[in-house]
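Student: Position chain R relative to chain U; hints supplied.
Listed here are the chains, written in short residue letters.
Number of protein chains: 2
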Amino acid sequence: MVQYVIGVDLGGTFTKLAALDRQGKVLGRRKVLTGSHEDGEKILANLASVTTELCRELPDRKPLAVGIGVPGILDLDGGLLVKSPNLSRLEGSPLRDWLAEALLCPVILENDANAAAVGEKWLGAGRKIESFLFITLGTGVGGGLILDGQLWKGVKGRAGEFGHLIVEPDGLPCGCGGRGCLETYASATGIVRMAREAIGAGRPSLIRELAGEQPDAIDSELVGYAAKHGDPVALEIYRQVGRYLGIAITDVVNLLDLHHFILGGGVSHALPLFAGYLRDEVRLRTFGIAVEEIRIMQAKCGEDAGLLGAGYLALEMVTTRGRTLSGKG
Amino acid sequence: MVQYVIGVDLGGTFTKLAALDRQGKVLGRRKVLTGSHEDGEKILANLASVTTELCRELPDRKPLAVGIGVPGILDLDGGLLVKSPNLSRLEGSPLRDWLAEALLCPVILENDANAAAVGEKWLGAGRKIESFLFITLGTGVGGGLILDGQLWKGVKGRAGEFGHLIVEPDGLPCGCGGRGCLETYASATGIVRMAREAIGAGRPSLIRELAGEQPDAIDSELVGYAAKHGDPVALEIYRQVGRYLGIAITDVVNLLDLHHFILGGGVSHALPLFAGYLRDEVRLRTFGIAVEEIRIMQAKCGEDAGLLGAGYLALEMVTTRGRTLSGKG
Numbered sequence: 001m002v003q004y005v006i007g008v009d010l011g012g013t014f015t016k017l018a019a020l021d022r023q024g025k026v027l028g029r030r031k032v033l034t035g036s037h038e039d040g041e042k043i044l045a046n047l048a049s050v051t052t053e054l055c056r057e058l059p060d061r062k063p064l065a066v067g068i069g070v071p072g073i074l075d076l077d078g079g080l081l082v083k084s085p086n087l088s089r090l091e092g093s094p095l096r097d098w099l100a101e102a103l104l105c106p107v108i109l110e111n112d113a114n115a116a117a118v119g120e121k122w123l124g125a126g127r128k129i130e131s132f133l134f135i136t137l138g139t140g141v142g143g144g145l146i147l148d149g150q151l152w153k154g155v156k157g158r159a160g161e162f163g164h165l166i167v168e169p170d171g172l173p174c175g176c177g178g179r180g181c182l183e184t185y186a187s188a189t190g191i192v193r194m195a196r197e198a199i200g201a202g203r204p205s206l207i208r209e210l211a212g213e214q215p216d217a218i219d220s221e222l223v224g225y226a227a228k229h230g231d232p233v234a235l236e237i238y239r240q241v242g243r244y245l246g247i248a249i250t251d252v253v254n255l256l257d258l259h260h261f262i263l264g265g266g267v268s269h270a271l272p273l274f275a276g277y278l279r280d281e282v283r284l285r286t287f288g289i290a291v292e293e294i295r296i297m298q299a300k301c302g303e304d305a306g307l308l309g310a311g312y313l314a315l316e317m318v319t320t321r322g323r324t325l326s327g328k329g
Numbered sequence: 001m002v003q004y005v006i007g008v009d010l011g012g013t014f015t016k017l018a019a020l021d022r023q024g025k026v027l028g029r030r031k032v033l034t035g036s037h038e039d040g041e042k043i044l045a046n047l048a049s050v051t052t053e054l055c056r057e058l059p060d061r062k063p064l065a066v067g068i069g070v071p072g073i074l075d076l077d078g079g080l081l082v083k084s085p086n087l088s089r090l091e092g093s094p095l096r097d098w099l100a101e102a103l104l105c106p107v108i109l110e111n112d113a114n115a116a117a118v119g120e121k122w123l124g125a126g127r128k129i130e131s132f133l134f135i136t137l138g139t140g141v142g143g144g145l146i147l148d149g150q151l152w153k154g155v156k157g158r159a160g161e162f163g164h165l166i167v168e169p170d171g172l173p174c175g176c177g178g179r180g181c182l183e184t185y186a187s188a189t190g191i192v193r194m195a196r197e198a199i200g201a202g203r204p205s206l207i208r209e210l211a212g213e214q215p216d217a218i219d220s221e222l223v224g225y226a227a228k229h230g231d232p233v234a235l236e237i238y239r240q241v242g243r244y245l246g247i248a249i250t251d252v253v254n255l256l257d258l259h260h261f262i263l264g265g266g267v268s269h270a271l272p273l274f275a276g277y278l279r280d281e282v283r284l285r286t287f288g289i290a291v292e293e294i295r296i297m298q299a300k301c302g303e304d305a306g307l308l309g310a311g312y313l314a315l316e317m318v319t320t321r322g323r324t325l326s327g328k329g
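Each protein sequence line maps, in turn, to chains U and R.
Residue numbers for the first sequence follow this note's numbering, so the first one is 1 and each next one is one higher.
Residue numbers for the second sequence follow this note's numbering, so the first one is 1 and each next one is one higher.
Worth flagging that the hints you see were computed from the coordinates, not collected in a lab.
Please note that a few of the clues may not be correct.
You can't tell identical chains apart in this list, so a pair holds if it fits in one copy or across any two.
No farther apart than 16 Å at their CA atoms in a straight line, the calculated lysine to aspartate or glutamate pairs in the EDC-like style are these [stated by the list, open to error]: (1) Lys42 - Glu91; (2) Lys83 - Asp170; (3) Lys156 - Glu130; (4) Lys42 - Glu303; (5) Lys156 - Asp75; (6) Lys156 - Glu293; (7) Lys156 - Glu292.
Bound conformation, chain U alone:
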């Protein structure tokens, strides 16, 4: 009988899940709408039913455990979501215990970016790297820290909020209540905002031609396309992305002496457009560490990073002997 875990990536729009064996081989998968507009119990009932359905296809109907990556701030002890702009209906509900009861197996929660960092460590770009920062550049900017082969969760499980490193002390207001966080500049949202500002200010640009007269049609892919075609406005936007990412990465280098940074999320595909600016900042600003020692890499697990990592954490939870991602222990 093949033993397996279920790894879940519970997103604001889609829920992706997969049954994984101990080596991380996908034995079956599902992708469904999360239904985040519905009430909390309905969202959880949907998740339980699609999980049960997936398990029914497998030789053993009972998974060893279920791991769930969730966007937002978690209370790991209580097993609930404290704050989640994209899954606000689930805030405060006893996510972990409800699902454990419904699925009759242990359930573990983790922040989605932290789970993705674990996924990249287990089966992706971080396999052979003991310590790195995983960075996700999407609608927002998130992160997950792997230190000595283990996820660094912090004192209360809220570590890895790389998007809220401060890169402009008097900068733009951020959704977190602060100002000038990296996320306001280096996310897809930040890119679109900068593009709309430039167009609104009347700057001639390929972006305007591509979007017609509809600012709503501007997304980060469109800005990326314009930059690849040499549009000065779009190139300037990616210079800002690279500059601010370089500043925040330098902070991490100087504080933690990490040398590897793995970039995932939609905006990471534009890395060639901003890698040079990023490295310029690192070269200027790191203390006692040469820019040549710093590796900026693309993630390898793509959209699967989160569910793979969540599955790994589930596996780790039910594996009696201490295991680490580096195979020690």
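Tutor: Frame of chain U; chain R shown alone:
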């Protein structure tokens, strides 16, 4: 026979050393001039001779090991100083191996702020705290990270450079080659610079009265004295110190989810002058963590933190069974 180690704090001006038993009790100590203007071999010969002299007073003339805290960037594998503005004569010389041969015992090197962090964990303000950042506010700004009871050294032993977190991307040039590092604002050097600028700009201030017409007479204690007496210029300077420290501490909270910060060094005594401003920034900027959860504390080991920590690291090196500062293992 009492077994002991020697902990050394090798500073640019003074060298302090102490013989310590396994509980950290000081069995004897010395404070001598480092003689940092002399050539490297002379500095080391002085250090070896004062160490030998101290050991001669003890029942057993041979220490178990010697630990040395050194200001600058170290090559831990090679046992040498790579870069040290205050001990430039020792750059590149095989510090560790030379001393191990002269003293006939194992020698371990560590960055001075990292050593002080270990000292505060062992016997100071961090005794009961598993994870914290030690911050030293002196001529420069340094740091040392204790994560899960252990010193976090980083990939190449260069972690903890808290003073080079970037708080103003286009700020003042820093000695590291970057711009707007915390150190340019929150160090004694930064405080004195801000005071001289204000006086130079003709602002009326108690600082001017205290210093007479001699800008060279201004030091950070004088600015602290003026602030305590309500001088608006001096108070504004400490507001800047608090603001920028708050920004850098927020970066650490958001990245690592640490809740404890232990402040040492001369400027830390002025904490009451800037703690409020510091907390205002943390309140505004932390993500998902309330300011009430964050503790900003004064260090307890004073000038001994470095030599105590260096001694602990020496003890740890020669203790066969794995020990951690938290007493586990």
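Student: Hints first: check each against the structure and report whether it holds.
Tutor: The hints, checked one at a time:
1. Lys42 - Glu91: Only inside one copy: Lys42 and Glu91 sit 13 Å apart there, 65 Å across copies, limit 16 Å.
2. Lys83 - Asp170: neither (25 Å within a copy, 34 Å between copies)
3. Lys156 - Glu130: between (23 Å within a copy, 12 Å between copies)
4. Lys42 - Glu303: neither (25 Å within a copy, 60 Å between copies)
5. Lys156 - Asp75: For Lys156 and Asp75, the Cα distance is within 16 Å only inside one copy (7 Å; across copies 34 Å).
6. Lys156 - Glu293: Between copies, since 10 Å is at most 16 Å while 32 Å is not.
7. Lys156 - Glu292: Between copies only: 14 Å across, 34 Å inside.
When each numbered hint is compared with the structure, violations occur for hints 2, 4.
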